[in-house]
Amino acid sequence: MSALAERPRFAARIDPLRRLFASPASVLLTIGCLALLVWVLPDLLRFFVFDAVWTANDGLACRAPGAGACWAFVAHKLPYFTYGAYPLAQRWRVDIVFGIGAALLGWVLIPRAPARKFGGGLLLLVYPIFAFVLLEGAPALGLVRVSSDLWGGILATFVVAAFGIFVSLPFGILLALGRRSNLPVLRLASIAFIEFMRGVPMIAVLFMAATMLPLFLPGWLTPDRLLPPLVGVALFASAYMAEVVRGGLQALPKGQSEAAQALGLRFWARQRLVILPQALRLVIPAIANTVIGLFKDTTLVATVGIFDFLRSVDSARLDPHWAGPTITTTAYSFAAIFYFVCCFGMSRYSYYLESRWHP
Amino acid sequence: MLAGPHFDARRRGLAAQAFFLGALAFLAYAVARIGLANMRARHIPVDFSFWNEPAGFDIDQHLVAYSAASTYGRAFLVGLLNTLLVSALGVVLASLLGFAIGAARLSANILVGGLAALYVEAMRNVPLLLQLLFWYNIVLEGLPRPPQSWALAGHIYLSNRGLFLPTPIFAPAAILVIVACIAGLGIAVLAWAKGQPLLAALAAIALPVAAYFVGGEPIGFAAPVFKGFNFVGGTRLLPEFVALLLGLSLYTAAFIAEIVRAGIQGVPKGQGEAAAALGLRRRQARKYVIVPQAMRLIVPPLTSQYLNLFKNSSLAVLIGYPDLMQVFAGTVLNQTGAAVPVIFTTMAVYLAVSLATSLAMNLYDRRVGKGGA
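Going line by line, the protein sequences match chains A and B.
In terms of this note's numbering, the first sequence is residues 1 to 359.
In terms of this note's numbering, the second sequence is residues 1 to 373.
Treat the hints as calculated values from the structure; they're not laboratory data.
Even glycine gets a Cβ: it sits at the ideal position worked out from N, Cα and C.
Fair warning: there could be bad hints in the mix.
Claimed, not checked - Cut-off 25 angstroms, straight-line C-alpha distance, at most; resulting in silico cross-link-like pairs (SDA-like, lysine to any residue):
#1 K194/B / I182/B
#2 K254/A / L273/A
#3 K254/A / D365/B
#4 K287/B / L28/A
#5 K269/B / S26/A
#6 K269/B / A22/A
#7 K77/A / K287/B
#8 K254/A / A9/B
#9 K287/B / R19/A
#10 K117/A / R19/A
#11 K77/A / L44/A
As the list claims (entries may be wrong) - Listed next, with one range per pair, are the computed distances between beta-carbon atoms:
#12 L143/A / L96/B: 53 to 59 angstroms
#13 L34/A / L96/B: 21 to 27 angstroms
#14 V46/B / I110/A: 50 to 56 angstroms
In isolation and in its complexed conformation, chain B is listed as follows (with noise of 0.2 angstroms):
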C-alpha cells in the first residue's frame, strides 16, 4: 500500500528538505562563527551600544532638531526622515507628470504622442545615476548664483545654493486648521465616493480656510531675505535634494507614464464601443467605463514603481544628499565601523516599507478581484 511511486516522490521530498536545511543550518553556522571571530580579532562591535552615543558630525538637512551633540539614533531618524522626505514628493510629481505623459503617448496627435514616446524611451534607457548626475552636476551647476537668483512665485527662490522658501511658522490655534484639513480631505473623500464632486471640492477648500480665519490667522510664513552673500530665514533646500528629487520623479514618471498607457489599451476595445452603443459622449466613456476599469490593471504596477521611488532614493549617496543610506550606512557605519547592525537596520526599514506595500496591494488585489469582473 505505501509502496510505489507516490510514497517514493514523498520520501525522497522529505530527504531532500532535510538536506536542504541541514546544509542551510551549517552554512549559517560556519557564516556566523567565522564573522564573529573575525569581528572580534578587528574589534568591531556587534550590537546597539552606539545607539545612544554622540554622533559628532552635522547633517546639513534636518526636519527634526539635530546638531553634532546628538546621538547616532538621531542621526538615523534624521536620514530616514530624509528620505521619506523625497520619496513622498517624489511620488506626487511622478504621479502628475507620469499621468500626463502616458495620456500623451494616447494622443491621436502624433507629433504629441512622438514626443511622450520619445521622452519615455531617453528616460528609460538611461541609468538613473546617470541622470541624477546630469541634473547635479550641470543644471544645477548653472543655475545663478544667490544675488542673481531666480524668483519663483511668492518668495521662493532658486540658486546654485539650493531652493529657498518660506518657512510656516506655526501659532497655537494652528492644530485647529490641522484638524480642519484633515477632516476635510475624509469629508471630501466620502462625498467623492457618493458621486458628489462638488461638496468634495466644497468640503476640501472651504473648511480648512474657514478654520484658518476662525482661529485667527494662525499660520505666518517667514519669507526668505537676502543679505550678503546668501538667504536669510525661509527654508532651504539643498541642491542635492533638488537634484534628487527631478531625477527621480523624472525617470520614474517614464514608468508611470508606460502603465497608464499599458492601463487604458488593456481594457478590452468593445468596452468602448459598447459605452459609444449606449450613447455615453467619448468624455463619459472615458470618464465610467474605461478608467475605472483601467485603473485596476494600472494600480499594482503603479504601486511596485513607487517602491522603485522609494528605494532608488538610496542613490542619493551618490549625490551627497544626506538620507537614511548615507548618514546611517554611510557615515554612521564608517564612525562606529558597527556593520552588522548598522546594515541590518538598514535593510529592516526598506524591508519594513516594502512589505507594508505589497500586503496592502494584495488586499487591494483581492477585493477588486472580487469585486469587479
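Chain A with its partners taken away, still in its complex shape (with noise of 0.2 angstroms):
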C-alpha cells in the first residue's frame, strides 16, 4: 500500500540528468545521441562561425580552399536583401516605414504599454495608408513614384505579410459570423468560400490570381504585379483565419451569445462586446500558428514573379562575381535564420500570451 503510494512521487522526483541512464535501453540512445553530437556540433561550428569569412570585398577570400560561410557574401548583399530594387535615394522611405511600424508593433505587442488602444488604432487605420502613400510616393507631397514592381527583398516579405494579416483577421471573422448564421444564403457562400480556398494549393490561388486577374478585371483597371499575389495570399489566408475563429466561436458557451441578448444588444453588439473577445482569446496559438503559416507561405509569391526576400537570397547566390562552393550554403542559411527568427519569435509570443491570459 505505502510502496504504491510512495511511487508516482518517487518518479517525479527522479533527476532528468539520472533518467539519460535509467536503462540499457536508455544508456544505447544517449550515447547515440551525444555521439551524433559530438559528430555533426564541430563541423558545424567550424563552417559557420571559426573559418568563416567576416569581411571581404568579393568572393576571393571565401573561394580559397578550408574556407566556411561567407558570411562577408550577406553583408555586401543586405541591403538588396532589405530593399530589393527599391532606388538607392529613395530607400530612406522604406526606413522610415519599418521604423515607424516597429515603433507601434512594440507599443502595441507589450502588454503593459500605455494607451494601447490608440496605438492599435493607429496601427491599423492610420498606418497602413501612411506606409502606402510613403512606399508608392505622391508626386503631390514631392515623392517620386516608385512602381511597386520595384519592391523587393524583406520589403516585399513584410508588405504581402502585413496585408495578409492585415486583410485576414477582420475578413476571416466575417467569414466565420457568416459560416454560423442561421441566414442560409451568407452560411452557403461563407462554406463554399472557405473549403475552396482551403480545398486548393496557395500556388495555385497565385495562379489563378496572376492569370485570371488582369483577364477579368475592366481595361482601365490593370494592376501592377504586386496586386494579384496580394489578393490571392489575403483570401487563402482568409479562409484559414476564420476556421481559426469558428473554433473559438464554437468552444464558447452558448450562454454568453444568450446572456447579452437577455440584455437586449444587437447581433454586432453582442459580437463585438461579448463573443469575439473571449471567443478570439480562447485561440490565440491557432491564430498565432495561422499568421506564422502565412508568413512562411509568403515565400511562394516567388512563382508569380515577386521577387520576395527569399527569392532576393535564392537569385544573389548566383552572382559570379561571389561566385563559390560555399555560397548557396551561407546565403540559404542566412536566409533559415531570418525565417527561424521570425516564425519562433511569434509562436513564443503567442505562449507568452497565452499564459499571461490562463495562468
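Two chains, two frames, a set of hints: combine them into the complex.
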C-alpha cells in the first residue's frame, strides 16, 4: 500500500540527468545522441564561425580552400536582401516605414504599454495608408513614384505578410460569423468560399490571381505585378483564419450569447462586446500558427514573379562576382535564420500571451 | 401577432440575404462579361478544344507512356500521376518519421526529447520552399557524379543525376502475385482486427510469397548498369523528385510529430494510472489503453497533414519537378493560353481530393464519436 502511494512521487523526484542512464536502452540512446552531437557540432561550428569569412570585398577569400561560410557575401548583399530593386536614393522611405512600423508594433504588443488601444488604432487604420503613400510615392507631396514592381526583399515579404494579416483577420471573422449564421445564403456562401480556399494549394490560388485577375478586370484597372499575389494571399489566409475563429466561437458556451441577448444587445454589439473578445482569446495560439503559416507562405509569391526575401537570396547566390562553393550554403543558412527568428519569435510571443490570460 | 422583434429580425434577415444574393449575382455577371470580352479580344481560348491536340513538349518523368506527340490531355494525366506518386510516398515516409519523432519527444531521456524538439522547431519555423531549395541545390548538387555514385542496398544507386532503381519486369502470371498481395493484406487486416497478429503477419507475407513461386517467379528485375557516362536500364527517379520527396516528408514529419505528442498527452493521466491499478504492465497499458484513445485524437489532424502534404507537393513548380501544377498549370497554360479551363481543371483535382478526404474524416468522426466515450 505504502509502496504504491510512494511511486508517483518517487518518479517525479528522479533527477533528469539520472534518467539518461535509467535503463540499458536509455544508455544506448544517450550514447547515440551524444555521438551524433560530437560528430556534427564541431563541423558546424567550424564552418559557420571559426572558418567563416567575415569581411571581404569579393568572393576571392571565400573561394580559398577550407574557407567556411561567406558572411561577407551576406553583409555585401544585405541592402539588396532588404530593399530589392527599390531606388537607392529613395530607400530612406522604406527605413521610415520599417521604423514606425516596429515602434507601433512594439507599442501594441507589449502588454503593459500605456494607451495600447490608441496605438492599435494607429497601427490598423492610419499606418497602412501612411506606409502605402510613403512607399508608393505621391508626386503631390514631392515623393517620387516608385512602382511596386521594384519592391523586393524583406520589404516585399513584409508587405505581403502585413497585407495578408491586415485583411485576413477581419475578413476571417466575418466568414466565421457567416458560416455560423442562420441565414442560409450567407452560410452557404461562407462555407463554399472557405472550403474552396482550403481545398486548393496556395500556388494554385496565386496562379489563378496572376492569370485571371488581369483578364477579369476592366481595361482601365490594370493591376501591377504585386497586386494579384496580395489579393491571392489575403483571400487564402482569410479562409484559414475563418476556421480558427470558428473554433473559438464553437468553444464558447452558448449561454454567453443568450445572456448578451437577454441584456438587449443587438447582433453586432453582442459579437463586439461579448463573443469575439472571448472567442479570439481562446484561439490565440491557433491565430499565431495561422500568421506563422502565412508568413512562411509569402515565399510562394516567387511563383508569380515577386522578388521577395527568399527569391532575392536565391538569385543573389548566383552572382558570378561572389560565386564559390560555400555561397549557396551561406545564403540559405542566412535565409533560414531570418525565417526561424521571425516564426519562432511569433510562436513564443503567442505562448507568452496565452500564459498571461490563462495562468 | 406578426409584429414585434422576432418578425422584424426575420424580415431583416431575408432582406439582407436578398441584397447579398443580388450583389453576388451582379458581380458574377460583370466579371464574366468583362472577362469574356477581354479574352475574346486577346484570342484566349475559353473551352477544352486544346485537350486532344498534340502537346509538343517532353516530360522527364512519366509513369504512363508519353512523348512530345502525345496530347495535352495525356500531359495532364502524366502530371497528375507524378503528383500522386510523390504525395503517396511522402505520406508513408512522413508518417514513419513523424510517429518516431513524436514518440521521441515524449521520451524521459532529456537528450532524446531535446533533439526531437530541436528537429520539430527547426522544421516548423523554416519555410518549406527554403527546405526544398536546400535539398535540391545543396544536398543533391553535393552528391557524386554517376561514375562515383553511392551504391545503396540491392542495385539502387544515388548520384547527382537522380536515384536509379531496378525496374520490375512483370510476366503475365504476375497478376497472380498482385491478387495474392491484395488478398493477403485483406486477410491480415481482418486477422489484426480480431486480435491475431501472428495470423495477420502470416497472411501478409506467406500468401504473396507462395503465389510468387506457384506462378513460376513471374516478377524479375532489370538492374541499372553503368555504361559510358550514365546508367542504362532500370528506373531513374529525377533529382527533383528525390528533393521534393525528402523535403515534403521531413517537413510534414515535424507537424505529425507534434500531433502524435499532443494526442498521447491528451489522454487523461488517470487512464494510465487506472491501467496500472488493473495490473497492466507499462507496455500493455500503452498498447491497450493509451494508444487506442490517443489515435482518436491523432487521426483527424493527421489526415489534414496528409492533405497539406498533397497540396504542398505543388511547390514542385519551384524546383522543376513535373507535377500537375508544373506540367498543366505551367507549361500547358503557357502554350495554350487557355487560362480559365486549365486553372479550373487544376483546382478541381485538388478540390476533389480534399473534399473526398474531409468527407471520409467526417464519417470517421461520427463513427468514433459514437463508438467511444
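Using the C-beta atoms of V46/B and I110/A, is the stated range 50 to 56 angstroms upheld? holds (54 angstroms)
Regarding the pair K194/B and I182/B, is the alpha-carbon distance no greater than 25 angstroms? holds (19 angstroms)
Would you check the hint for K254/A and L273/A, treating anything up to 25 angstroms between C-alpha atoms as holding? Distance ~15 angstroms between K254/A and L273/A Cα, so the pair holds.
Is 21 to 27 angstroms a correct range for the gap between the Cβ atoms of L34/A and L96/B? Cβ of L34/A to Cβ of L96/B: about 25 angstroms, so the range 21 to 27 angstroms holds.
Hinted pair, alpha-carbon criterion (25 angstroms max): K287/B, R19/A. Please report holds or violated. Holds - the C-alpha atoms of R19/A and K287/B are around 23 angstroms apart, at most 25 angstroms.
Should the hint that L143/A and L96/B are 53 to 59 angstroms apart at their CB atoms be regarded as holding? Holds, since L143/A and L96/B (Cβ atoms, about 56 angstroms apart) stay within the stated range.
Take the C-alpha atoms of K269/B and S26/A, compute the straight-line distance between them, and say whether it is at most 25 angstroms. With Cα atoms ~23 angstroms apart, K269/B and S26/A stay inside 25 angstroms; holds.
Given hint A9/B paired with K254/A - CA-CA distance at most 25 angstroms: holds (20 angstroms)
Proposed proximity, D365/B with K254/A (alpha carbon, max 25 angstroms): It holds: about 23 angstroms lies between the C-alpha atoms, which stays within 25 angstroms.
Are the Cα positions of K77/A and L44/A separated by 25 angstroms at most? holds (23 angstroms)
Starting from K287/B, check that the Cα of L28/A is at most 25 angstroms away, please. Answer holds: K287/B to L28/A is near 24 angstroms, not above 25 angstroms.
Would you mind confirming whether the straight-line C-alpha gap from K269/B to A22/A stays at or under 25 angstroms? holds (22 angstroms)
When the structure is compared with the earlier hints, violations turn up for hints 7 and 10 and for no others.
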